[in-house]
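Colleague: Below, each chain spelled out in residue letters.
Number of protein chains: 2
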Amino acid sequence: MARSSYDTDLDKNPANYQPLTPLTFLERAADVYPDRVAIVHGALRRTYREFHARARRLASALEALGVGEGDTVAVMLGNTPAMLECHYGVPMTGAVLNTLNTRLDPAILAFSLDHGEAKVVIADREFSRVMAQALAAAKVKPVVVDYDDPEYAGPGERIGSMEYEALLASGTEDHVRRFPRDEWDAIALNYTSGTTGNPKGVVYHHRGAALLATGNIVTCGMGKHPVYLWTLPMFHCNGWCFPWSISAVAGTHVCLRQVRARAIFDAIADHGVTHLCGAPIIMSTLLNAPEAEKRMLPRVVEFFTAAAPPPEAVLAEMKAAGFNVTHLYGLTETYGPSVVNDWNADWDALDSAGQAAKKARQGVRYLALDGLDVLDPATMRPVPADGETLGEVMMRGNVVMKGYLKNPGATREAFAGGWFHSGDLGVKHPDGYIQLKDRSKDIIISGGENISSIEVEDALFKHPAVQAAAVVAKPDEKWGETPCAFVELKPGHAATADELAAWCRQHLAGFKCPRHFVFAELPKTSTGKIQKFRLREMALAV
Amino acid sequence: MARSSYDTDLDKNPANYQPLTPLTFLERAADVYPDRVAIVHGALRRTYREFHARARRLASALEALGVGEGDTVAVMLGNTPAMLECHYGVPMTGAVLNTLNTRLDPAILAFSLDHGEAKVVIADREFSRVMAQALAAAKVKPVVVDYDDPEYAGPGERIGSMEYEALLASGTEDHVRRFPRDEWDAIALNYTSGTTGNPKGVVYHHRGAALLATGNIVTCGMGKHPVYLWTLPMFHCNGWCFPWSISAVAGTHVCLRQVRARAIFDAIADHGVTHLCGAPIIMSTLLNAPEAEKRMLPRVVEFFTAAAPPPEAVLAEMKAAGFNVTHLYGLTETYGPSVVNDWNADWDALDSAGQAAKKARQGVRYLALDGLDVLDPATMRPVPADGETLGEVMMRGNVVMKGYLKNPGATREAFAGGWFHSGDLGVKHPDGYIQLKDRSKDIIISGGENISSIEVEDALFKHPAVQAAAVVAKPDEKWGETPCAFVELKPGHAATADELAAWCRQHLAGFKCPRHFVFAELPKTSTGKIQKFRLREMALAV
Numbered sequence: 001m002a003r004s005s006y007d008t009d010l011d012k013n014p015a016n017y018q019p020l021t022p023l024t025f026l027e028r029a030a031d032v033y034p035d036r037v038a039i040v041h042g043a044l045r046r047t048y049r050e051f052h053a054r055a056r057r058l059a060s061a062l063e064a065l066g067v068g069e070g071d072t073v074a075v076m077l078g079n080t081p082a083m084l085e086c087h088y089g090v091p092m093t094g095a096v097l098n099t100l101n102t103r104l105d106p107a108i109l110a111f112s113l114d115h116g117e118a119k120v121v122i123a124d125r126e127f128s129r130v131m132a133q134a135l136a137a138a139k140v141k142p143v144v145v146d147y148d149d150p151e152y153a154g155p156g157e158r159i160g161s162m163e164y165e166a167l168l169a170s171g172t173e174d175h176v177r178r179f180p181r182d183e184w185d186a187i188a189l190n191y192t193s194g195t196t197g198n199p200k201g202v203v204y205h206h207r208g209a210a211l212l213a214t215g216n217i218v219t220c221g222m223g224k225h226p227v228y229l230w231t232l233p234m235f236h237c238n239g240w241c242f243p244w245s246i247s248a249v250a251g252t253h254v255c256l257r258q259v260r261a262r263a264i265f266d267a268i269a270d271h272g273v274t275h276l277c278g279a280p281i282i283m284s285t286l287l288n289a290p291e292a293e294k295r296m297l298p299r300v301v302e303f304f305t306a307a308a309p310p311p312e313a314v315l316a317e318m319k320a321a322g323f324n325v326t327h328l329y330g331l332t333e334t335y336g337p338s339v340v341n342d343w344n345a346d347w348d349a350l351d352s353a354g355q356a357a358k359k360a361r362q363g364v365r366y367l368a369l370d371g372l373d374v375l376d377p378a379t380m381r382p383v384p385a386d387g388e389t390l391g392e393v394m395m396r397g398n399v400v401m402k403g404y405l406k407n408p409g410a411t412r413e414a415f416a417g418g419w420f421h422s423g424d425l426g427v428k429h430p431d432g433y434i435q436l437k438d439r440s441k442d443i444i445i446s447g448g449e450n451i452s453s454i455e456v457e458d459a460l461f462k463h464p465a466v467q468a469a470a471v472v473a474k475p476d477e478k479w480g481e482t483p484c485a486f487v488e489l490k491p492g493h494a495a496t497a498d499e500l501a502a503w504c505r506q507h508l509a510g511f512k513c514p515r516h517f518v519f520a521e522l523p524k525t526s527t528g529k530i531q532k533f534r535l536r537e538m539a540l541a542v
Numbered sequence: 001m002a003r004s005s006y007d008t009d010l011d012k013n014p015a016n017y018q019p020l021t022p023l024t025f026l027e028r029a030a031d032v033y034p035d036r037v038a039i040v041h042g043a044l045r046r047t048y049r050e051f052h053a054r055a056r057r058l059a060s061a062l063e064a065l066g067v068g069e070g071d072t073v074a075v076m077l078g079n080t081p082a083m084l085e086c087h088y089g090v091p092m093t094g095a096v097l098n099t100l101n102t103r104l105d106p107a108i109l110a111f112s113l114d115h116g117e118a119k120v121v122i123a124d125r126e127f128s129r130v131m132a133q134a135l136a137a138a139k140v141k142p143v144v145v146d147y148d149d150p151e152y153a154g155p156g157e158r159i160g161s162m163e164y165e166a167l168l169a170s171g172t173e174d175h176v177r178r179f180p181r182d183e184w185d186a187i188a189l190n191y192t193s194g195t196t197g198n199p200k201g202v203v204y205h206h207r208g209a210a211l212l213a214t215g216n217i218v219t220c221g222m223g224k225h226p227v228y229l230w231t232l233p234m235f236h237c238n239g240w241c242f243p244w245s246i247s248a249v250a251g252t253h254v255c256l257r258q259v260r261a262r263a264i265f266d267a268i269a270d271h272g273v274t275h276l277c278g279a280p281i282i283m284s285t286l287l288n289a290p291e292a293e294k295r296m297l298p299r300v301v302e303f304f305t306a307a308a309p310p311p312e313a314v315l316a317e318m319k320a321a322g323f324n325v326t327h328l329y330g331l332t333e334t335y336g337p338s339v340v341n342d343w344n345a346d347w348d349a350l351d352s353a354g355q356a357a358k359k360a361r362q363g364v365r366y367l368a369l370d371g372l373d374v375l376d377p378a379t380m381r382p383v384p385a386d387g388e389t390l391g392e393v394m395m396r397g398n399v400v401m402k403g404y405l406k407n408p409g410a411t412r413e414a415f416a417g418g419w420f421h422s423g424d425l426g427v428k429h430p431d432g433y434i435q436l437k438d439r440s441k442d443i444i445i446s447g448g449e450n451i452s453s454i455e456v457e458d459a460l461f462k463h464p465a466v467q468a469a470a471v472v473a474k475p476d477e478k479w480g481e482t483p484c485a486f487v488e489l490k491p492g493h494a495a496t497a498d499e500l501a502a503w504c505r506q507h508l509a510g511f512k513c514p515r516h517f518v519f520a521e522l523p524k525t526s527t528g529k530i531q532k533f534r535l536r537e538m539a540l541a542v
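Protein sequence lines correspond, in order, to chains A and B.
Numbered per our numbering, the first sequence spans residues 1 to 542.
Numbered per our numbering, the second sequence spans residues 1 to 542.
Next up, chain A with everything else stripped away, as it sits in the complex:
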């Protein structure tokens, strides 16, 4: 019903409305910059004309295999040209791209293939063994396509009924992509790496992918023609949507199969890399590289990191090494990063510790995210912005997932009260920046007092001999729980449990000090996160 003249005879029509989608970004790059290098991979150079033509070939070949709207194409690929092509070619058919985590075991992969009802699987030869096992265990029987990357010389048999290049050759570059019928249509499916229970299938839509992809550009202040190095796995939240962002600004993707210091430094120096993203582990890799592997950076390189706040020492070393580090935060459910530690020029005047303290905060919402707050989940009211009161970090807006596939219960729970519940505990500072304190399940409750494991870890991190630390709850008859610390020492450094205990007493309230110290390598998930559930098991035995 028309509410005013502004709603009368002013309807949507094909001239003034198109569903938002990142697929048009590649079309535009190919139209405007056909000869510009879109992809670098070893000795291979592909222009935007070629990239677009190959994506269309892929789409038409997939359609010939019967792939269409609402179907799932699962891919087990590293950061290769094929992975980039799949980010366009698969959704061009109306199908949904399911990027599999290449570090998972066959049982979980089989679960994902079945749950997502994969119709086609494209797998790099490097992962053929685990994929063969996953396919044998799965109930679905997808068409399997091998991707035999010339840059990969290691072991691995072909397991599919055809090779990727033959598939493309069977297609045509005259393929006319379908616009999504609705921008709410799914574009990607990403399974969480869930530490317990079955993974959940996070569904992204075209609207959110387009908005986060351009949001990355606005938030990162990315100009035209960036040179982007792929250290972040593209299977992880679709590489934070950068496979789509880079087309929007006609940049160059530099692929990388192996994330090693020498390869990263070489790529940066040889290709003039301007931007890269990665977990904190990438920073350590770069900083701890042998001098012989390091190369002079051609300019200041923008490094976007997430997962854990960058420690002060690392920030200082990264700066000295020529990187400008920006701290992002997000979840699979928010298309990757949707929160940014937006730097305020006033903070340049702070000393290095002061700057690191500012940079450790997760920050503020992306322009593309409408709401970010720390709420009391019981009352759904914001906590005071005092930097102290704990609440749950929640988001709302267009870059929050469509929901969990075939899991209405989990979807309802995640969206209860009109906000997405991140499961992360945090505080809001007086300036509105949020800071994580813990995952809900990582909080330690000792004698009725909440202990933030992050706070204890921060204290341990400041000890000069500590390379990494993780603190978990250990059940205790008297206190309920007590903190138990797992510590990795720096090579060539030594520290005893007594020394660390004394250090903690200096830096923390007594009840927060770990009662136990374990020196061990920390178990990590396939995406580099520390597996606290494993540590909790280990703590039982201490």
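If you're looking for bench data, these hints aren't it; they were derived computationally from the structure.
One should not assume that every hint holds.
Note that identical chains are pooled: a pair holds if it fits in a single copy or bridges any two copies.
The calculated EDC-like cross-link candidates involving lysine to aspartate or glutamate, where the alpha carbons are at most 16 Å apart (straight line), are [as the list claims (entries may be wrong)]:
| id | residue 1 | residue 2 |
| --- | --- | --- |
| 1 | 406 | 7 |
| 2 | 406 | 9 |
| 3 | 224 | 386 |
| 4 | 12 | 182 |
| 5 | 478 | 173 |
| 6 | 358 | 312 |
Here the structure is a predicted model, which means the values were calculated and not measured.
Based on these hints, arrange chain B on the given structure of chain A.
Modeller: Relative to the frame of chain A, chain B by itself:
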């Protein structure tokens, strides 16, 4: 009806869907950079906290006057802080902002007020005389608010029932803005300056405004914290949406009541301006300024121009003066610019004439515009990309207007065949860049041959004595029409009609050469466009 699992139990809800709107951009800037200077106006500095607070005061005060969803607030304002506040405060109430062209006469203004059903009018004291006449002639009786800008010391009486600052003082900054119910809801109303007949009311919606505002950032490669100088009138297509763009990147607006060379150079040097937009006349103003008024630019300044292709000599002089000129193109119906002469680095190797020829082309679509093509309006098929075949430039996508207010006939005509018909004639080059050749009605048909008035004007422009030239059709018994040239000479230069005729014969096919030359100042519209309909009248008398 669900089409697959991807459409089942995965609906929109408040956690994962918000209508797109540029209003959130100011909220974010005020949240993240509250103390950053948002507005410079003479000696005045306003932070983002103040800008946002004042916009909310305005919204709450307007609501107290009864303004709400679907109402129109018309403003007669220069490039002042109040104009920026209205771009947020008015739509925060759900109402529609109608920016009036301050150079129009009372009769047309009265028409707009009546047609738009203005409920409130906010008028700068400078325009009180013409507004008083317009209001007297109008049938509507809006509440009239005077804006008495301290930077304006000229004549003009107050004509309203209250002053703008008093209005704001009556409001509260605790106002909670309404999200638009639907992103398709109207945000602005812009009347075309129609050379014949009544102006048409172009309606913009929140979705398009948000997308073009971020599109400006992506297309212009605008980083964080630009300093933007207001030489382009904000009443013109909402200042090409830059009042919203600048908030998205927490930049600084430098207001300017009077577009004069000294004021522009002073603003650039004093405030470190990084970007400005303006018609080609601004470039002439800058280049022809007395040396005493010129100032050293602190850095290369990005200058975005539209309306006419920048001539080679002007481009070279602008470059020498420290400006990087980008040529944009668009119409009121496309939220201002939606086409950009995206520069290809290969062209840097061309000589100055070659570069100017590339830069004279209107270019390619904005990332935010889904389709741009040159079509044969009879068949709606694209013309060949040969740089020669004339067709009509057409656009489609999310940054095309909602339609013309209360004018379903004109709306239907504009959108016929699923494209917006620009009314501009152009060609498509082999690389896909479009170039305007003429408005449909500006083409001259002589002996059955089409003559592009732009081509003839270009030839005249190259003559060293010619400052400006416009060519129109003069009815001719034998040929149907012949070209008639109107020429402005550069100060201190001379040329006779015979000299120019000889020049044209050297540069053009004989049938394209003007039969008549008139030396006169060219009549311009209020937005600086040459009024060809006046010239056609004058040509009758030649």
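Colleague: Next, verify each hint and record whether it holds.
Modeller: Each hint, compared with the structure:
no.	hint	verdict
1	406 with 7	between (37 Å within a copy, 10 Å between copies)
2	406 with 9	between (39 Å within a copy, 7 Å between copies)
3	224 with 386	neither (40 Å within a copy, 28 Å between copies)
4	12 with 182	both (13 Å within a copy, 12 Å between copies)
5	478 with 173	neither (70 Å within a copy, 52 Å between copies)
6	358 with 312	within (10 Å within a copy, 49 Å between copies)
Hints 3 and 5, counting from the list given before, are not met by this structure.
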